[in-house]
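K.L.:
Residue numbers (the working numbering), protein chains in the order written: chain A, 1 to 364; chain B, 1 to 231.
Please keep in mind that the hints were generated in silico from the structure rather than gathered at the bench.
One should not assume that every hint holds.
What the hints assert, rightly or not - The calculated DSSO-like cross-link candidates involving lysine-lysine, where the alpha carbons are at most 27 Å apart (straight line), are:
1. B:210 with A:284
2. A:47 with B:120
3. B:120 with A:51
4. A:177 with A:270
5. A:288 with B:120
6. A:288 with B:133
7. B:191 with A:82
8. A:177 with A:141
9. B:125 with A:82
10. B:128 with A:318
Claimed, not checked - Across the chosen pairs, the derived CB separations fall in these ranges:
11. B:114 with A:28: 20 to 26 Å
12. B:125 with A:171: 35 to 41 Å
13. B:11 with A:3: 40 to 46 Å
14. A:181 with B:68: 48 to 54 Å
15. A:283 with B:11: 40 to 46 Å
16. A:85 with B:107: 36 to 42 Å
17. A:56 with B:131: 25 to 31 Å
Think of the CB as a built atom: it goes at the ideal place given N, C-alpha and C, for glycine as much as any other residue.
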Amino acid sequence: MATRTVIPFGPQHPVLPEPVHLDLVVEDEHVIEAIPQIGFVHRGLEKLVQKRDYNQFVYVAERVCGICSFGHGYGYAAATEKLLGIEVPRRVDYLRAILEELSRIHSHLLWLGLLADGFGFESLFNHCWRLRETILDIFQKTCGGRIILSICIVGGMAHDIDDSMLRDVCQQLDELKRDYKVIVDTMLNDNSVKNRLCGVGYISFEDALELSMVGPFAKGSGIEHDMRTTGFGAYGDLEHFQPIIATEGDCYARCKVRCEEVYQAIDIIKELVAKIPHDGIGGKPGPKVLPPENSRAHVLIEQPRGEAFYYVSGNGTKYLDRFRLRTPTSQNLAGMVRALQGVDLADVPMIILTIDPCISCTER
Amino acid sequence: MYTTEFVDVPLGELLTRVQTLKHQGMRFIQLCAEFPERGIGLLYTFYDETCDNALNLCVEVPEGAEVPSIQGLYFAAFSYENEAHDLFDVNFVNMKLDFGGHFFNLAETAPMTVISPEMKAEREKAAKLRAAKAAKEAKAAREAAEAKSADRALTEDRASADAAAVAAVDAMAPKPAKPTAEERAAQMEAKLAAMDPEKAAKVRAALEAKAKKDAAAAAAAGKAATAKDGE
Chain A
1 MATRTVIPFG PQHPVLPEPV HLDLVVEDEH VIEAIPQIGF VHRGLEKLVQ KRDYNQFVYV
61 AERVCGICSF GHGYGYAAAT EKLLGIEVPR RVDYLRAILE ELSRIHSHLL WLGLLADGFG
121 FESLFNHCWR LRETILDIFQ KTCGGRIILS ICIVGGMAHD IDDSMLRDVC QQLDELKRDY
181 KVIVDTMLND NSVKNRLCGV GYISFEDALE LSMVGPFAKG SGIEHDMRTT GFGAYGDLEH
241 FQPIIATEGD CYARCKVRCE EVYQAIDIIK ELVAKIPHDG IGGKPGPKVL PPENSRAHVL
301 IEQPRGEAFY YVSGNGTKYL DRFRLRTPTS QNLAGMVRAL QGVDLADVPM IILTIDPCIS
361 CTER
Chain B
1 MYTTEFVDVP LGELLTRVQT LKHQGMRFIQ LCAEFPERGI GLLYTFYDET CDNALNLCVE
61 VPEGAEVPSI QGLYFAAFSY ENEAHDLFDV NFVNMKLDFG GHFFNLAETA PMTVISPEMK
121 AEREKAAKLR AAKAAKEAKA AREAAEAKSA DRALTEDRAS ADAAAVAAVD AMAPKPAKPT
181 AEERAAQMEA KLAAMDPEKA AKVRAALEAK AKKDAAAAAA AGKAATAKDG E
């Protein structure tokens with residue numbers, strides 16, 4: 001009988017950009033069991049909702065993560081608006097959806113670069129991050145910040161993005177699409193990439209459903225759950241929206257889904273820019289607008305890594321009782337444990353990278 | 001757009017309810033603990049397959065109570081249960097994956113149950129405002145009730161005073177004098193003159209017969225009195 005060994009993986013590891021620890025129980029280089037542990041950088045940001053009023057907290061929510069920062073501000077603002085009974089102008093919904101899709105492109109390009117770096121494809125890493133700079137430049141031009149945008153506030157947007165600027169964004173995205181296609185085609189058709197990713201880290205459709213997986217991790221196993229299909233915000237005005245899925249359930253399927261989602265995000269942005277209404281950008285609610293006592297509201301938003309859940313509860317004061325952010329990564333931890341069971345030790349980094357865990361979000 | 005429902009569930013029924021939802025094919029979205037003024041509560045969120053309808057099970061957890069784990073039904077809950085244990089000191093039992101309080105490496109126990117001074121001050125201020133508002137409303141209601149009862153008393157006083165005044169006026173008013181036999185006979189004659197002659201004749205005959213009868217009765221009574229006096 002082979003000897004069982006426990007190999008600690010992380011929290012500091014070359015393939016892990018963020019700290020997660022795994023105890024890998026291995027037997028002849030096969031992983032029998034993986035036990036995750038987080039909590040190395042827990043910041044208690046949810047608790048801060050009791051010290052910052054609901055208007056101030058949107059800036060804290062944005063700082064939960066550096067990759068999907070806009071999405072967290074958006075989710076918090078949307079949940080708080082629901083709690084307060086505020087209806088924002090349609091232009092605000094459109095601008096938020098456009099920025100959310102830009103964040104998706106930015107996140108997927110960052111991930112693709114990290115994946116390429118993970119299996120030693122360094123030139124691809126450089127190209128992906130070069131393209132990502134385009135999105136960061138768009139953020140800087142339209143919002144003033146590259147990572148923390150601070151444009152989304154409770155009740156609307158801090159400032160408008162004019163139509164000529166939006167048309168300029170579409171032009172830049174067309175150029176990015178051309179460059180991106182070359183990179184993606186190279187990557188997805190490369191034999192060495194396929195050898196590392198195809199058939200590795202398999203999760204069946206049934207398992208994905210059973211483990212309540214979300215985002216591209218679930219879509220790679222054929223699950224069609226995508227909160228954009230519910231018509232949330234401006235997504236309800238899209239002519240034709242279908243979540244991108246793959247049925248293979250392995251690392252390669254998850255990569256394909258993310259790569260295709262970049263094209264889809266560009267198309268969504270162009271459609272929304274063409275349709276954007278001009279009914280104002282709302283504004284901060286007055287000091288007398290307070291959440292009712294014992295009021296509760298939540299929203300689900302499709303972040304780059306999957307659906308994120310935002311819950312707020314009010315007590316009649318300007319300080320909220322509770323802010324809860326359930327990130328896609330928290331929901332995918334169970335799936336990650338299942339995907340690692342029975343794989344070769346050498347495949348563990350690739351599997352973790354294709355799941356794309358965001359520990360900063362999870363350690364809010 | 002999806003619908004959202006919040007349902008209060010007793011702690012004892014939690015597992016049964018979650019089992020039912022699992023069989024209905026509901027997706028488990030999240031579990032979180034919260035610590036409002038009334039104590040620790042748990043919020044379990046589920047969505048249907050279409051992501052259109054959300055169901056939230058709200059469970060109040062008495063201090064020190066044991067909460068059954070739902071990891072056997074939804075394994076994805078393991079991170080939330082361990083998190084609720086570490087941050088809120090919720091005591092889950094029968095967990096499949098139990099980190100024994102070491103899921104998060106925290107410096108203090110149950111940090112999320114500490115109420116910040118700002119929050120406490122704001123809550124106290126809100127409680128005072130609520131109490132002042134309630135007192136104001138109670139005072140207004142009391143005053144309204146008093147005004148109403150005063151009105152009623154005034155109305156009743158007025159009614160009784162009116163009745164007394166009417167009685168006094170009635171008492172002071174001169175009573176009409178009883179008509180004499182001649183006046184009565186004259187009134188009757190006037191009435192009979194206005195009547196149909198045939199009917200008037202009948203009435204007149206009846207009146208004469210009644211007068212004769214009265215006279216005979218009076219005469220008989222007079223004789224009897226005389227005889228008694230003679231004895």
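K.L.:
Look at each hint and say if it fits the structure.
P.N.:
Here's how the hints hold up against the structure:
1. B:210 with A:284: Violated. Residue 210 of chain B to residue 284 of chain A sits at ~105 Å, over the 27 Å cutoff.
2. A:47 with B:120: 14 Å, holds
3. B:120 with A:51: 10 Å, holds
4. A:177 with A:270: 12 Å, holds
5. A:288 with B:120: OK: residue 288 of chain A and residue 120 of chain B at ~20 Å, within 27 Å.
6. A:288 with B:133: With a Cα-Cα distance of about 16 Å, the restraint between residue 288 of chain A and residue 133 of chain B holds, given a limit of 27 Å.
7. B:191 with A:82: With a Cα-Cα distance of about 90 Å, the restraint between residue 191 of chain B and residue 82 of chain A is violated, given a limit of 27 Å.
8. A:177 with A:141: With a Cα-Cα distance of about 19 Å, the restraint between residue 177 of chain A and residue 141 of chain A holds, given a limit of 27 Å.
9. B:125 with A:82: 25 Å, holds
10. B:128 with A:318: 15 Å, holds
11. B:114 with A:28: 20 to 26 Å: Roughly 48 Å apart at Cβ, these two residues miss the hinted range, so it is violated.
12. B:125 with A:171: 35 to 41 Å: Hint violated: Cβ distance 53 Å, outside 35 to 41 Å.
13. B:11 with A:3: 40 to 46 Å: 45 Å, holds
14. A:181 with B:68: 48 to 54 Å: Since residue 181 of chain A and residue 68 of chain B have Cβ atoms about 52 Å apart, the given range 48 to 54 Å holds.
15. A:283 with B:11: 40 to 46 Å: 43 Å, holds
16. A:85 with B:107: 36 to 42 Å: With a Cβ separation near 39 Å, residue 85 of chain A and residue 107 of chain B satisfy 36 to 42 Å, so the hint holds.
17. A:56 with B:131: 25 to 31 Å: 27 Å, holds
Hint check: violations occur at hints 1, 7, 11, 12; the rest are consistent with the structure.
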